[in-house]
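**Student:** For reference, the chains in residue letters:
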Amino acid sequence: MKYLLLKHYRGGPAPVVDRGSIYTWTPEEMDAHVQYMRDFAEKLKETGEFVSEEALSSEGAWVRFDGEGRPPVTDGPFAETKDLIAGWMIIDVESWDRAVELAGELSAAPGAGGEPIHEWLEVRPFYGAPPLVSE
Amino acid sequence: MNDALLRELVPAVIGILVRRGADFASAEDAVQEALIRALEHWPADPPRDPKGWLVAAAWRKFLDAARSESSRRGRELAVDAEPAPGPAADTDDTLRLYFLCAHPTLPAGSAVALTLRAVGGLTTRQIAAAYLVPEATMAQRISRAKKKLEGRSFDRSGDLGTVLRVLYLVFNEGYGGDVDLAAEAIRLTRQLAALTAEPEVAGLLALMLLHHARRASRTGPAGRLVPLAAQDRSRWDTGLIAEGVDILQHALARDRLGEYQAQAAIAALHADAPSTDETDWVQIVEWYDELLRLTDSPVVRLNRAVAVGEADGARAGLAALAEVSPDLPRHRAVAAYLHERDGDLKRAAALYAEASRVAASVAERDHLAREAARVRQLL
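In order, the protein sequence lines correspond to chains G and Z.
Yeah, the first sequence ends on 135 if you go by UniProt numbering, and it's all consecutive.
Yeah, the second sequence ends on 379 if you go by UniProt numbering, and it's all consecutive.
Chain G on its own, in the form it takes in the complex (with noise of 0.2 Å):
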């Protein structure tokens, strides 16, 4: 089964712990946060559980329609936005709870002082393909 992990720049839940602004961080301790990520990823390849990550620039904007030979409005960027999406990986795993136990080790990622930053990921499974028995 597939999850997405997905990790936000802003929104979710209230943060549990003030891990600060990464900006304040050491650059030591951003070394060590940029470690754990890649180390994680590359486990998650070893265990055959690995599908894909990538990350997402904060840029961006809202797009819509606006009728036939209009062109389409934009609004944003989104300096406002409650929510904002950082990047996610992909796992293909066993069992929602073995998803479940990946997120919180990845939100286990070390930030100021070495200290687990405790993020929010959101987790979200994939709709599968429909079996191909049913009855």
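Source of the hints: derived by calculation from the structure; they are not laboratory data.
Cβ atoms here follow ideal geometry from the backbone N, Cα and C, with glycine treated the same way.
Where hints are given, some of them may not hold.
Stated by the list, open to error - The calculated label-pair distances, taken between Cβ atoms and stated as ranges, are:
| id | chain 1 | residue 1 | chain 2 | residue 2 | range |
| --- | --- | --- | --- | --- | --- |
| 1 | G | Asp18 | Z | Glu243 | 30 to 40 Å |
| 2 | G | Asp97 | Z | Ala56 | 50 to 60 Å |
| 3 | G | Ala86 | Z | Asn172 | 46 to 56 Å |
| 4 | G | Ala86 | Z | Gly313 | 34 to 44 Å |
| 5 | G | Asp97 | Z | Arg37 | 42 to 52 Å |
| 6 | Z | Gly161 | G | Pro77 | 31 to 41 Å |
| 7 | G | Glu59 | Z | Asp159 | 42 to 52 Å |
| 8 | G | Pro15 | Z | Gly343 | 52 to 62 Å |
| 9 | Z | Gly52 | G | Leu4 | 46 to 56 Å |
With chain G's structure known, arrange chain Z on it following the hints.
**Tutor:** Same frame as chain G, now just chain Z:
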């Protein structure tokens, strides 16, 4: 016979099929199919005459495709099954292929893909993997590009400028999948430089070699970006630097300056310096001035501001930066650097953080966030 040698045969074989009467699009498809067969069979059963094998296999594929097409349409097959031996014009054909694949009417992404396949001899699967798109998407991109070229004469020479741009794009893509695109771009530019004496081709080749020489020092642990000033210069490839400088000097001696030669000259001055402090920044600024005369590009203006900052002090650099549009990517990063040199650490830290937020890649984002953290610690 390794894959690299096999790939070198591809453009010449396409040329031969075209000389025998095949249209470019069908010839290119047929050679791609023959190439995939060769990659499967040659390791176990290498042919004595690789090129002859490839021509025969591709010609068979072409005839099969043409026959099924003509029977589908109920038409006579127009091409002889037994081809007349065409004139040996391999080198000209290869040069024409560069022009055709980088035709100015093609979108850059399509020109890149087509060049890598028809001139570079890469398979669609390899190109797709390198650019992280599905193979079917890449196949479609290439086939649409060829459709767009339908009716264009293979014999007309084209626009060297777009060819060089395409090769430079490939080079800048770097490393993805199992294909080293930077090395592939160098191979294709080297091959092009052997086919034409245009100094700008040599200039681009020199530029690539000089950048490639620094590749190992450009990333640190965990993929971290290492800026020029912090690079371990003992890890630079002195052989590549010497070759790049030599090629550049011969190009410059022909006295037909172009943007790639000027960029290569800047890269050569960096490569030549034992440290940032001992770099000849005055001469680098002069080359940027030449570049501005040639291109008037905002990116050149931005890079020039950095060089001015080194040559004449941070204040002069900031004054030069004031003439550059702030919308430019990396503008804030340059501003941060110059303010730091000017001693305004608070402003520099804030600008580094802002620059990180608008960075165009994860590596740059993380690098700039790290710079923000570093400067903040000095406060």
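**Student:** Each hint needs a verdict: does it hold in this structure or not?
**Tutor:** Hints, verified against the model:
| no. | hint | verdict |
| --- | --- | --- |
| 1 | G:Asp18 - Z:Glu243: 30 to 40 Å | violated, 54 Å |
| 2 | G:Asp97 - Z:Ala56: 50 to 60 Å | holds, 59 Å |
| 3 | G:Ala86 - Z:Asn172: 46 to 56 Å | violated, 25 Å |
| 4 | G:Ala86 - Z:Gly313: 34 to 44 Å | holds, 38 Å |
| 5 | G:Asp97 - Z:Arg37: 42 to 52 Å | holds, 48 Å |
| 6 | Z:Gly161 - G:Pro77: 31 to 41 Å | holds, 34 Å |
| 7 | G:Glu59 - Z:Asp159: 42 to 52 Å | violated, 33 Å |
| 8 | G:Pro15 - Z:Gly343: 52 to 62 Å | violated, 35 Å |
| 9 | Z:Gly52 - G:Leu4: 46 to 56 Å | holds, 53 Å |
Hint violations for this structure: numbers 1, 3, 7, 8, all remaining hints satisfied.
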